[in-house]
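Asker: Position one of the sequence shown corresponds to residue 2 (this note's numbering), numbered consecutively onward.
No wet-lab data here; the hints were simulated from the structure. The model shown is predicted, which means the values in this text are computed figures rather than measured ones. Take the hints with a grain of salt, since some may be wrong.
[Stated by the list, open to error] Ranges between beta-carbon positions, derived for each pair:
#1 R176 with I141: 18 to 26 Å
#2 S189 with P235: 46 to 54 Å
#3 P324 with Q54: 22 to 30 Å
Cβ coordinates follow ideal geometry from the N, Cα and C atoms, glycine included.
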Amino acid sequence: MDTAAAPAEADTPDARYAALAARDARFDGRFFVGVTSTGIYCRPVCRVRLPLQRNCRFFGNAASAEQAGFRPCLRCRPELAPGLSFTDSSQVLAQHAARLMEQAVMEGQPVSLPGVAGRLGVTDRHLRRIFQEAHGVSPIDFLTTQRLLLAKRLLTDTAMPVTHVALASGYGSVRRFNAAFAERYRLSPSALRREPAGPEAGAPVRSPRGAMPAGRGRARPSPAQPVLRLGYRPPFDVPGVLRFFAQRAVPGIEAVDGLSLRRTLVMPHGAEALAGWLELRFVPERHEVHVTLSPAFVPVLGAALQRVRHALDLDADPALVDPVLATLPMVPVPGIRLAGSFDGFETAMRVVLGQQVTVAAARTLARRIAERFGEAIETPFADLVRLPPTPAAIAQADPEEIGRLGIVRQRVRALQALAAEVHAGRIALHRGAPLAATMAAMQALPGIGEWTAQLIALRALAWPDAFPSTDIGLLNALGTRDVAAVLAQAEAWRPWRGYAVMRLWQHLETLK
Numbered sequence: 002m003d004t005a006a007a008p009a010e011a012d013t014p015d016a017r018y019a020a021l022a023a024r025d026a027r028f029d030g031r032f033f034v035g036v037t038s039t040g041i042y043c044r045p046v047c048r049v050r051l052p053l054q055r056n057c058r059f060f061g062n063a064a065s066a067e068q069a070g071f072r073p074c075l076r077c078r079p080e081l082a083p084g085l086s087f088t089d090s091s092q093v094l095a096q097h098a099a100r101l102m103e104q105a106v107m108e109g110q111p112v113s114l115p116g117v118a119g120r121l122g123v124t125d126r127h128l129r130r131i132f133q134e135a136h137g138v139s140p141i142d143f144l145t146t147q148r149l150l151l152a153k154r155l156l157t158d159t160a161m162p163v164t165h166v167a168l169a170s171g172y173g174s175v176r177r178f179n180a181a182f183a184e185r186y187r188l189s190p191s192a193l194r195r196e197p198a199g200p201e202a203g204a205p206v207r208s209p210r211g212a213m214p215a216g217r218g219r220a221r222p223s224p225a226q227p228v229l230r231l232g233y234r235p236p237f238d239v240p241g242v243l244r245f246f247a248q249r250a251v252p253g254i255e256a257v258d259g260l261s262l263r264r265t266l267v268m269p270h271g272a273e274a275l276a277g278w279l280e281l282r283f284v285p286e287r288h289e290v291h292v293t294l295s296p297a298f299v300p301v302l303g304a305a306l307q308r309v310r311h312a313l314d315l316d317a318d319p320a321l322v323d324p325v326l327a328t329l330p331m332v333p334v335p336g337i338r339l340a341g342s343f344d345g346f347e348t349a350m351r352v353v354l355g356q357q358v359t360v361a362a363a364r365t366l367a368r369r370i371a372e373r374f375g376e377a378i379e380t381p382f383a384d385l386v387r388l389p390p391t392p393a394a395i396a397q398a399d400p401e402e403i404g405r406l407g408i409v410r411q412r413v414r415a416l417q418a419l420a421a422e423v424h425a426g427r428i429a430l431h432r433g434a435p436l437a438a439t440m441a442a443m444q445a446l447p448g449i450g451e452w453t454a455q456l457i458a459l460r461a462l463a464w465p466d467a468f469p470s471t472d473i474g475l476l477n478a479l480g481t482r483d484v485a486a487v488l489a490q491a492e493a494w495r496p497w498r499g500y501a502v503m504r505l506w507q508h509l510e511t512l513k
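Work out the full structure, taking the sequences as your base and the hints as a guide.
Answerer: What follows is the structure in structure tokens.
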């Protein structure tokens, strides 16, 4: 695909039509197109015949297209499009609200607008106003679209019974779900499964290869193991992201193999905890990640996919980030991503273990903790045999036992204090958590200072402007020990200083 034919920006109807004609994946998720002659709305990468421009209406999000009466395309599948990145603009509060609602839907949790407003520190009336201004739809319309697009994904990509799909999508009854689905899409849920989707949506997904020798084994998914697709905007520094995870992979919990990353995970499901695994495989020619999940995760598919999107930063928009990173004093690498988190507490624990030690040493300490406090699990993969430790396991452990693993007393206190707060629900470590309050709560704990809080914000909270200015790797990459000078220099990288940190770390690796 020649993306040079499309404009660098797509803020006018003519520019968006040019991007649509070029099927430019850089604009995937940045707008959707409704075709008045068919009543269907599509992603700009849709492979159908190009509609006439006079028949095209452009929308900033899927909810706006659906509010205007358009139905989602069964070929390009709008639910696969990447989301929008956070910025430091005046719209950040509305974007944060959308993220909280989307996360609740994916986790199958009830959504209360007053509850969302309360978490953001505003009234629900104020939230409705700024949400409408930012997104062009009401919070209720946005929420309905998120629920129905999740249901559409589950109906298309899994064999879940319609009853389970309804519950996973946030509907209390099948009757309400069927009515909402038919009203919005003019199609019943069961009929969707019989509808031909065309080659773009129905293209075969290559299954993982057969079993390989121990340590690098891959397993062929059974029919109960769903394989789902997630889109991203190119360019994407796939080698850089996989190298980052490979250097920090804890044996038994995670592994990187070629274009694939696989790991074990514990997912909450109501009062229960579901243990399983997932495998992610990059498919660069399609600008997608294909995700194979443990059958245990079928009830929490939406939440699991959200974690994948966060961990791989699939919603990033390089058109916004790359021009800022071009000012860094090194050769640019297109498509830098924030290596995020599959498990917020696990990532925060590794950050604490990494205080004043090398990446390799922190990995060794994480392995020891996992072997002692992480439960064993059976998986189809020879190199995935253990679950990451839970906050409860660390909080309730004997401090002396943790210390015998080679962890100094100050670090033990920090680990257990953070684990206790997360286990009690007083600190949440995910990308929907309130940034300022969470940062303050963490820094009130013993052994957690600005450096630690900034790194946790970078990876577990997905804050793109996080900047651990005293990080020794960052300072080495810039060739200085003058923190004040670095902070002044970094002003040019706002609001994407976190991406600058990732590029500086990457550059440091090339110097070794």
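Asker: Could you work out which of the previously given hints the structure breaks and list their numbers from low to high?
Answerer: 2
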